[in-house]
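**Q** Since chain W is already given, all that's left is putting chain C with the ligands on it; use the hints.
These are the residues of each chain, in order.
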Amino acid sequence: MIDIRGLTKRFGETTVIDGVDLRIAHGERVVVIGPSGTGKSTLLRCLNFLDRPQAGQISIGDLTLDAARASRAQILALRRRTAFVFQNYALFANRTAKENIMEALVTVQKQPRAEAEARALAVLAETGLSDKADSYPAALSGGQQQRVGIGRAMALHADLMLFDEPTSALDPEWVGEVLDLMRRVAARRQTMLIVTHEMQFAREIADRILFMHSGRIVESGPPEQIFGAPKDERLQRFLSRVGA
Amino acid sequence: MRALDLEYMLGLVPVILGYVPLTLFMALVGMALALVLASLLAVERVFKVPGLDWLVLLFISFFRGTPLLVQLFLFYYGLPQVLAFLTQINGVTAAIMGLTLHFSAYMAESIRAAIAGVDRSQWEAAQSIGMTQGQMMRRIVLPQATRIAAPTLVNYFIDMIKGTSLAFTLGVTEMMGAAQKEAAGSFRYFEAFLVVAIIYWVIVEALNQGQKRLELFLNRAYAR
Ligand SMILES: Nc1ncnc2c1ncn2[C@@H]1O[C@H](COP(=O)(O)OP(=O)(O)O)[C@@H](O)[C@H]1O
Ligand SMILES: [Mg+2]
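Chains as they are written, first to last, in the UniProt record's numbering: chain W, 1 to 244; chain C, 1 to 224.
For reference, chain W alone in the conformation it holds in the complex (with noise of 0.2 Å):
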């Protein structure tokens, strides 16, 4: 359960989350939508801790955290219990695939290396990408990378998964590839809150989509609901304007 009430996070005047509340079950798929600006990523950020929100309070299991407030060790742990899948995959340039999804499980999980290297080279089967186990980032296609950067999200098991509009940075080509793993990971009951401009992608697997405007989650409801029968005037236009 992931309880996350008040948030606020300001850029010098400007307030780009505006006091967010917002529960996910523990299994729960959310996705976020919303026009560009409005502090989608913002809101991922603040609950990585990426942005350091100024206001609000956390809860990820036991973990219970006030942003205004938190000690460097409550960021760590709150890092620990979320994963972070970046728009622009944000792999590591020094590291191949297999020890991208290895660094956080030895660096930070402190398990053995033996251990980590069984897990990723298990991650990477399941990202199909086992024969790119010693390529280093530079060597794969976006699409490939994205998955590796999944790849090491998925290792960390954590408690909630953050996508950042996985797919927004790569060629059309590879969009496909990387929307399948997430639904095979979205079928695994992992608890999921994804920033997306695939609406087709979100009503398939969301269990709940928000609407966000201006900093707000302005509306929330089943996939049917949000596009079958939209309420407020501002996700009406949004819907249309993308043609969904």
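No lab work stands behind these hints, which were simulated from the structure alone.
For glycine and all other residues, C-beta sits at the position ideal for the given N, C-alpha and C.
One side of the interface only, derived from the structure: several residues of chain W facing chain C at Cβ under 7 Å:
# : residue
1 : Leu76
2 : Ala93
3 : Ala138
With beta-carbon atoms standing in for the labels, derived distance ranges:
#  : chain 1 : residue 1 : chain 2 : residue 2 : range
4  : W       : Pro35     : C       : Gln133    : 30 to 38 Å
5  : C       : Leu69     : W       : Arg113    : 48 to 56 Å
6  : C       : Leu69     : W       : Ala114    : 55 to 63 Å
7  : C       : Pro143    : W       : His197    : 31 to 39 Å
8  : W       : Ser130    : C       : Leu52     : 45 to 53 Å
9  : W       : Phe11     : C       : Ala116    : 17 to 25 Å
10 : W       : Ala77     : C       : Gly78     : 52 to 60 Å
11 : C       : Lys212    : W       : Asp66     : 50 to 58 Å
Stretch-level coverage of chain W by chain C, calculated; a stretch enters the list once three of its residues show a Cβ under 8 Å from a Cβ in chain C:
#  : segment
12 : 80-86
13 : 103-117
**A** Frame of chain W, contents of chain C with the ligands only:
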């Protein structure tokens, strides 16, 4: 005009070569110390520790803004007049200290730039998986920064090798000092200094070749 005394020069080569180990010793120790100091300075410049940043900037500005020879004289002849304990320091030690401080100021800047050259999203990825800042720097950022900075650092090492000749002015008998002494007896100054120049040249060219290989190797790294 007279002909070069080649025989004299050939005879001098082994004598001057005997001082190459001292030159390399000063350069290698200076380089090792400068690398450590420059890395510390660079990391400070990246994280901008409050209260320390201005001091680091001042240090870098001074040692880049004044000639190495002036710095060496300040340390060796000047400072002992102010700080009594420095009177014990010999010329080799003073030269190494001076080279270290001088070159660390330059190297700090190229290491800082190399650190900044590591894609920011990798820093975030390291943080997102729960690494501490130290783990992030040690395992992800610095290894890549080292590769970015390596060719430039080799250039500084070459400059440092040439810079060791200034130890001569602190009374150290290194290659220059030895040539000077030899020539004082024979009056063959041109030949003596030409031998020194050629030996430096050969050392530096060898390092240039090594650097080319290093760059090829570094360009291939992480690409397979
Ligand atoms: N580091 C930052 N500094 C200043 N403003 C920022 C920063 N990051 C994001 N913003 C601003 O916050 C707003 C929300 O950005 P973002 O969360 O990236 O939106 P979205 O992901 O929905 O497109 C935008 O107006 C953006 O300009
Ligand atoms: Mg965004």
